[in-house]
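As a plain string of letters, each chain reads:
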Amino acid sequence: MSKIVFHPGTPIKIAVLAMGGQGGGVLADWIVDMAEKAGWWAQTTSVPGVAQRTGATIYYLELLPESDAHAAGKPPTLAMMPTPGDLDLVVAAELMEAGRAMQRGLVTPDRTTLITSTHRSYSVTEKAALGNGIGDPNKVIEAGLEASKRMLAFDLQALAEKGGSVISASLFGAVAGSGALPFSREAFEETIRDSGKGVEASLRAFALGFDAAAQAPAAPARIDTSRPAPDVPEKAANPKVDALLQRVKREFPQAAHGMLVAGLRRLIDFQDIAYASEYLDQIAKVRELDAAKGGEAKGWALTQAMAHRLAVAKSYDDVIRVADLKTRGSRFERVRKEVGAKADQLVYTTEFMHPRLEEICGTLPAGLGRWLENSKTVGGFVKRKMEHGRRVETGTLTWFIALYLLSGMRRFRRSTLRHQIETAGINAWYERVLKNAAADYDFAVEIAHCRRLVKGYSGTHARSGDRFARLMEAADRLAGQADAAATLKRLREAAMADEEGRQLETQLGQLLRGAPAEAGFTRQAA
Amino acid sequence: MAERSFKKEVQQLRIPAGEEFRGEGILAITKALLQSGVGYVGGYQGSPISHLMDVLADANEILQELDVHFETSASEATAAAMLAASVMYPIRGAVTWKSTVGTNVASDALANLASGGVTGGALIIIGEDYGEGSSIMQERSHAFAMKSQMWLLDPRPNLESIVQSVEDGFELSEASNTPVMLQVRIRSCHVHGRFITKENKRPRYTLKQALENPVRDTSRIVLPPASFTHEHEKIQQRWPAAVKFIREKKLNEFFDGDVEDVGLILQGGLYNGVIRALQLLGLADSFGNSRLPMYVMNVTYPVIDEEVIDFCKGKRAVLMLEEGQPDYIEQNLHAILRKNKVDTHLSGKDVLPMAGEYTTAAMKTGLEAFIKAWRPELLTTHEAVAADEVAADAVAAAAPAAAKAKPAGVPITFHPKVKDLAEVVPPRPAGFCVGCPERPIFAAMKLAQQDLGPHHVSCDIGCHLFSILPPFNLGATTMGYGLGAASSSAFNVKSGKRSISVMGDGGFWHNGLTSGIGNAVFNKNDGVIIIVDNYYSSATGGQDILSSRAENADRSTKNPIENAIRGAGVKWVRTIDRTYDVARVRDTLEEALTTTTDGPKVIIAQSECMLNKQRRIKPIFTKAVKSGQRAVKERFGVDPDVCTGDHACIRLSGCPSLSVKDSGDPLKEDPVAHVDNGCVGCGNCGEVAEAAVLCPSFYRADIIHNPNRGDRLMAKVRKAVIGFLQRRRASRQAEYAL
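Chains A and B, in that order, give the protein sequences.
For what it's worth, UniProt numbering labels the leading residue of the first sequence as 1, then goes sequentially.
For what it's worth, UniProt numbering labels the leading residue of the second sequence as 1, then goes sequentially.
Everything labelled a hint here was simulated from the structure, so no lab data went into it.
C-beta: ideal position from N, C-alpha, C; glycine also.
Please note that a few of the clues may not be correct.
[Claimed, not checked] DEER-style ranges, computed between Cβ atoms:
hint, chain 1, residue 1, chain 2, residue 2, range
1, B, Glu253, A, Ala214, 45 to 51 Å
2, B, Ile196, A, Asp344, 55 to 61 Å
3, B, Arg718, A, Ala243, 21 to 27 Å
Chain A extracted, bound-state conformation (with noise of 0.2 Å):
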């Protein structure tokens, strides 16, 4: 048989990670027509299918000079997919998508430069979780610093908006700028121009990129993800309001000021500032009992969580907060600049409200509101004539004034049905955190942040404020129990696992009544 002679030539090997539709299709096409243009051979593949709908996706290219493949009198066999460790440049367009090269091996620390965008597009299992259930960001930075050769992360999603075009030409640049490629800046710009659509916006972000990239440090500083800490001013201008702000400064430990700063601007925007004044006045009572179990060793926890979740609860959601929020002159200027509205044009915003009979009747005042609750001819009346789906255009005239009227209703609220309801609600917590505080510190902390379950409107609330009142029936048990904290903990966490409270309840059941799973028919596997 003959001898067999190798001719030298290795392909540059480059995989483009994308979601379907942003556009990684297009950055593979242009990195082939550059090259094609410089004279060198190259191949892309794809696998689009149904991947093209918002699923995660790659791309995969091989350039090889053409001289190469004269020399050696053939063309180019190229590979149809990347290969785990054999990858030079690796392009993701989003931060997530650049785990999932390194999962996939993609990422070697001699060979890869990764290129990624540390804009996220949350995956719906992030957003759908009950509280946060988004994935934390640096864990793939801390990843790529070690896995590659060289690692350039910023957020070309906003350098292409800024732009004002897409992340396909703002990855382009940052791969000009990384010299990960040898072709010219020339030739890349150039690349573009060819294309012929939205050529200036493309150069636009194509740059923004480029100098990006090209003045990137030597490794990608950690994405910041801690929440701003409340700023607490010297003083306030108004003198009842400095009196609020003075005792907090001379009564409370300093590691609460934040939280109790932020409460009290909640509250007084809420209601006003006697309310506030009273909600310091509850706070008081916690610091009191926190001092005398040793609370200053435990960085006050008692005090801060007492002081964020109360003033959540004071300031619940009504229909008389809604309105203000909605009518309010800095809302109508958010809206405008969200949709990225322009001075000549007009915005006009439609709310989509669904009173409920429960609703109607917190507003009133607490015996009337009773009444009509407990009414059948009445309350059945209003329910089939006012609860319904509503679209109220707040920037009309008459729907306007309406919420402003409805708004202007604070000054009445506190003789609300609504208002009698969630003070009693409020009590019994807080005389339950404050009861245990004095056998259990930890515990009580723990029972503090079970509040943090109350939220939402309507059904969503009544389903939230039902898992919270089981929670804390379960808290009335565990009382006295040595792991009672840990236990109440593992418990929250169990009811903001899903919607329907199924973790809660099967936990509920194991815990307190040691009750076995639920018989019914299984499928063995596979």
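Once you've looked at the hints, dock chain B against the given chain A.
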């Protein structure tokens, strides 16, 4: 109008002979059909050959110039039956579909076609939807070739080879009177490459000639006694003719290597991956020069005994690389070697995976094991040997800096920080698009189930199958295209609850009208059937179907589904012409589930596929705004101070543009809902919030572009009053600012 337009690309079909063509695989296949003098083409769209159908549709003008008839078949069975035109007449015909699913549907016609045999070349181009990117069950089309005796081509995945095998396929079909299947894998369909063109040819015999000079021959019809004769013809005449043609025309390829005693046998489609795997082992270069000799089967059925024996002679061992299972070829090779008393060792699925895609990495591992067993010294020429272990040890010793530069082909997925990514990298399956009109249907179904309890839901094939994923989590089974209603047919018993079936308009016209609706009427099924009518065959790329609303010069559209359903005898039919009306969809569904009317309850839920709608209306809107006309754009938003961060809306929507963001409020630690700029203003969020009585955080913003004088005057008045009141309230807030 399909999702992707190839109007520009199809001009490449006109390039003169001898010039270089550069483009995608499917476009090259179209060019090859024209170069082969094809007379007619049909098929049914579906990934990975959806774009082939789109290219053909966009190339209709060029096809007509060449007297080539193209039609979008009603189903793969229709397409296969279309090949009947090649039974008696010397006309070349080609059809295409997604396989194996399409071949399943087509197999009745294919079996009849293969029995009687063909006169003109009959080519079936199957997009083998297998491995990464596939959306169907993982099976092989190979079995269909075997059972009906059709030849199966699996060319090397470069455009030159693919184009050549289209031409070879027609000739082989004619030389052996047998239909030929040409298999192209997902990536081959979309590969960008190049080849040198030949001239387009008119069909040598046209359909018009055939119609005007009809010919018949009872011996070609599948009915006894001819059907018994056909089986013998297959073995005695057609098979030997095919083997002769394949050998003479050298359809399979032999590549020399300088290692003499071992060799590789592979399916043509795997060639590039095998070369790359060898390259990573130091045994090949980037141009296909390999140290191991290779026998590349561009024809994977029939297996040519003589070629196998020739290749194996003088070799101690050969490795068969055959993707998928069962290992038909490997079993065949064992039989050939044994019957011919060739004692060459045959390896295959013993070192390679029995199931799953043959990725480069998988083949590299298999090749390495094979070579280690038979010629281990070949591997020591390259330092890649045991590189994985070396690298793993280096990391384990926590001295990455000391690790030597690693050769190619060494992933580091074992690194603890990379492993940790499993905690944060979310699964990202395909899902409903922004503004998809199918989303509100499933939101309504979720709400109806909240009222009436959980029901058994049968799904179908189409975008609507995304209902099984979060956040909807609806649906128990999917039994095939158009078979949503059929798969509820067993649940035709008296019960407190009815079954719910979902079917798309594509599946409805494909077969659902008879298999689902007709069947339910005839058998007096009491279940509920929802037909999702989004004006297109959307999942496959937005092609027109009978009930599409588009003006289509080449096709008859605007044939309402409701007429067909009533014609089939359904009494209870409700048409909802706006799926975004969540409350109405819910109420209609609840009515269907509780009504006392007997027989199937059919709800036709209509709204245009948003992907196609946006493509249609966006340019019109932009043009109107540019010309100074008053135009209103709608989009949705969430008031972050009203939203409590409960995400109930997301659990009933899942729209990609409905996301979350930090609240900016220290008291609200959970992120709040947020509508991003991708919003197309479909209205689903608001409707859901209202129908499910969720919360008042959503708003619709109407942005009036180029407001007219009346608009401006009204705005002025409103601003005066509203502005005054707002300032009044703001001053109170400012007074008590902290």
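Here's how the hints hold up against the structure:
no.: 1; hint: B/Glu253 to A/Ala214: 45 to 51 Å; in the structure: holds (47 Å)
no.: 2; hint: B/Ile196 to A/Asp344: 55 to 61 Å; in the structure: holds (57 Å)
no.: 3; hint: B/Arg718 to A/Ala243: 21 to 27 Å; in the structure: violated (40 Å)
The structure fails hint 3 only (numbered hints given earlier).
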